[in-house]
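Below are the chains, spelled out letter by letter.
There are 2 protein chains.
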Amino acid sequence: MSLSVTILGSSSAIPTSKRNLTAHLLNHDERFFLIDCGEGTQMQLQRFRTKYLRINHIFISHLHGDHIFGLFGLLSTFSMMGRKNTLHIYSPGRLKDLLNSHFAFMGETLNYQIEYHEVDAKMPEVIYDDKKITVTTIPLRHRIPCTGYCFREHPKLLNIKKECIEKYQLGVKDIVDIKQGADFVLENGIVIPNKELTTEPVPPKSYAFCSDTKALQRIVPYIANVDLLYHETTFLNEDAKLAKATYHTTTGQAAQLALEANVGKLVIGHLSSRYKDDNRFIKEVQDIFPNAIMAEDGMKIDI
Amino acid sequence: MSLSVTILGSSSAIPTSKRNLTAHLLNHDERFFLIDCGEGTQMQLQRFRTKYLRINHIFISHLHGDHIFGLFGLLSTFSMMGRKNTLHIYSPGRLKDLLNSHFAFMGETLNYQIEYHEVDAKMPEVIYDDKKITVTTIPLRHRIPCTGYCFREHPKLLNIKKECIEKYQLGVKDIVDIKQGADFVLENGIVIPNKELTTEPVPPKSYAFCSDTKALQRIVPYIANVDLLYHETTFLNEDAKLAKATYHTTTGQAAQLALEANVGKLVIGHLSSRYKDDNRFIKEVQDIFPNAIMAEDGMKIDI
Chain A
51 MSLSVTILGS SSAIPTSKRN LTAHLLNHDE RFFLIDCGEG TQMQLQRFRT KYLRINHIFI
111 SHLHGDHIFG LFGLLSTFSM MGRKNTLHIY SPGRLKDLLN SHFAFMGETL NYQIEYHEVD
171 AKMPEVIYDD KKITVTTIPL RHRIPCTGYC FREHPKLLNI KKECIEKYQL GVKDIVDIKQ
231 GADFVLENGI VIPNKELTTE PVPPKSYAFC SDTKALQRIV PYIANVDLLY HETTFLNEDA
291 KLAKATYHTT TGQAAQLALE ANVGKLVIGH LSSRYKDDNR FIKEVQDIFP NAIMAEDGMK
351 IDI
Chain B
51 MSLSVTILGS SSAIPTSKRN LTAHLLNHDE RFFLIDCGEG TQMQLQRFRT KYLRINHIFI
111 SHLHGDHIFG LFGLLSTFSM MGRKNTLHIY SPGRLKDLLN SHFAFMGETL NYQIEYHEVD
171 AKMPEVIYDD KKITVTTIPL RHRIPCTGYC FREHPKLLNI KKECIEKYQL GVKDIVDIKQ
231 GADFVLENGI VIPNKELTTE PVPPKSYAFC SDTKALQRIV PYIANVDLLY HETTFLNEDA
291 KLAKATYHTT TGQAAQLALE ANVGKLVIGH LSSRYKDDNR FIKEVQDIFP NAIMAEDGMK
351 IDI
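Sequences listed follow chains A and B, in order. Per our numbering, residue 51 is the first one in the first sequence, and the count goes up by one each step. Per our numbering, residue 51 is the first one in the second sequence, and the count goes up by one each step.
Each hint should be verified, as a subset may be incorrect.
As the list makes no split between identical chains, a pair holds if one copy fits it or if it spans any two.
Said to hold, decoys possible - Once the Cα atoms are required to be at most 25 Å apart in a straight line, the calculated DSS-like pairs of lysine-lysine come out as:
| id | residue 1 | residue 2 |
| --- | --- | --- |
| 1 | Lys212 | Lys146 |
| 2 | Lys326 | Lys101 |
| 3 | Lys134 | Lys146 |
| 4 | Lys211 | Lys134 |
| 5 | Lys350 | Lys68 |
| 6 | Lys217 | Lys245 |
| 7 | Lys68 | Lys101 |
| 8 | Lys68 | Lys146 |
| 9 | Lys294 | Lys217 |
The hints are simulated quantities; they were obtained by calculation from the structure and are not laboratory data.
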C-alpha cells in the first residue's frame, strides 16, 4: 500500500508569489483525501496534475478564510465536471451553514450530494474508518475551534512464509489464523510457533496534519510515532510572544513536539510572509529535530 | 498619460493549469482599477508584481463565481496588509449583501470602509468620472444581470507651440484659452487662428471590457472606436448553439462586433477549456478581424 502527501499550499494567511494558501492532498492507494482548501486549491490541484476529481473526502481544520476560501470554486467545478458521487466534508463549526447560504445566494444547485460531518474540536475522535485507514481528530487551540487530523493505516496482517504452506499443507482457514498471529498445531500435537511461520508485515503508515494552533504538549500522544508530521510554524523563535498572542506555533515549539512524539519526519509550513529568508525556519527547526523539511508548493512526500 | 491592462486570468468558468479565472488590472497613470476578481486574483496580482495595494476601485461584471470568488481573499488581505483607504466596488446585483453576510459569518471586521455602488445592468450610465477618466457601463445579456465597463480618458487639451508664447507674449489666461481652442487676437485686431498656435494632443485612450454575454449588436455605439476591446469568446463558431443557450459569444460574433465598432485592437478570452487547441480561437477571430490577440495570463497590453 502507498501513502503520499502533495503540498498544494504552504503560505500563512497571506499568500506569496511562491506559496499558495493551505491545502494538502493525501493519496492512499489512489484514494484521495483533501485537507484544508485555501483559495486557489483547485488551480494547484490541476497545476500539480492530481486526480482531483476522485477526491471524496475533504477535512477542514478550521473556518478561517486562508483554509477554506477555495471550497466555493472547487465545489462548483466538481459540479460543472459532472460529479455524481457524494462528497464528505469534515469540519468543526458551521461550515454547512456557510456553504448552504452561499450556494443559495448564488442560485447554484450542485449535481451531487454533500454530506457534512461536524467534528468536535475539543476531544479526539475517530471520524473516518474503512478497511484500510482510520482518521482521528487532533484537538488544537486556535482563535476559533480548530482540529488537526491523524491518518493511520490499519496494522497489516503477518506475511506467511510460502515454504510453510507446502511443508505443513496449510488450508485457507489455517492461513487466515496464522496471518492473524495464531500458532499451528500438527496432528501429532506438536506446536509450530507463529514466529517460525511468518515474517513481519510492512509497518502501517501514518500522517498527522496540525495547522494553526498554539503549541500544545497535550497532542503528543495523538501524534505519537507517526511517520510524517506536518506542523505549522508560522513564526520564528524570536517572535514567540506574537505566536502566543495569535495562537500560533514557533519553529522551536514544533520541533520539540516532533521530538517528544517520536515522529519519523517533520514537515513545516504556514510560514509567515513577514520574514525575508524562509531558510531561517528550517535552520531553527533542525537545531532541535534534524529530520525536518520545509513545505514547498508542489512537493510530494512519499511516506 | 499611460494606460495599460494586465490580464490576470483568461479562463472560462473552469480554470486550467495555464489560465486563471477572470480578472483584469487597468493601470491609468499609476492609478489601479481591478475588473472582475475570480478565485486566485490576489495570487496573480502578486505573481505579476503589480502594485495591487493601490487598487481603490473594483468593477464586477456579474455575480457568477468565476468572476467574484477572489474577492473574499483579496479584501481580507487588504485588511491584513493595513489598508485604510476606502475601497469602491461597482457591481450589478446584491454583492453588498453577499459580502456583508460572508464577513459576518467569518466574524471578520475589515480595517477599511467599502463603498458599494450597485449598477443598473439595463442601461449605460456613467458610474465613475474624475479629472482624467470616465467609466461607463455597457449593458450585457447573460443568465443573470451583467455589465461591461468602458474606460475612456477625457479628451486632452491642445498643445500650445512654445515659440508662439514668446512671439505673441501670451499670458497665463491666454494660454488656458488657446489650449481649449480659442483664437488669439492681437492689439491691432488681427486674429491668429488657433490652428497656427497649437498642435493636436495625443488622442484620449480607451478600453472596453465585455465579459459573459450573448453577442449584442446594440453595444456597438457604447464601444465605438475604443483603442482596445476585450470581449469574451467562450465558444468556437461550431458551437454557436451552445453559445446562445448559455448566453455566451462565439469567435465570429466577437470579431464582427470589433469590426462594426471600429475598435483599434481586440483581445479575446474566457476561452472554454473544452477545446484542446486554443489557437483555433485566434484563427477564427482573425479571419474577420485581423488585429486581434488571445489573452494569456500575465500579458500586459499598453494602450
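Status of the hints after comparison with the structure:
no.	hint	result
1	Lys212 to Lys146	neither (52 Å within a copy, 70 Å between copies)
2	Lys326 to Lys101	between (34 Å within a copy, 19 Å between copies)
3	Lys134 to Lys146	within (19 Å within a copy, 33 Å between copies)
4	Lys211 to Lys134	neither (44 Å within a copy, 71 Å between copies)
5	Lys350 to Lys68	both (16 Å within a copy, 21 Å between copies)
6	Lys217 to Lys245	within (15 Å within a copy, 112 Å between copies)
7	Lys68 to Lys101	both (23 Å within a copy, 17 Å between copies)
8	Lys68 to Lys146	neither (31 Å within a copy, 32 Å between copies)
9	Lys294 to Lys217	neither (64 Å within a copy, 74 Å between copies)
The earlier numbered hints that this structure contradicts are 1, 4, 8 and 9.
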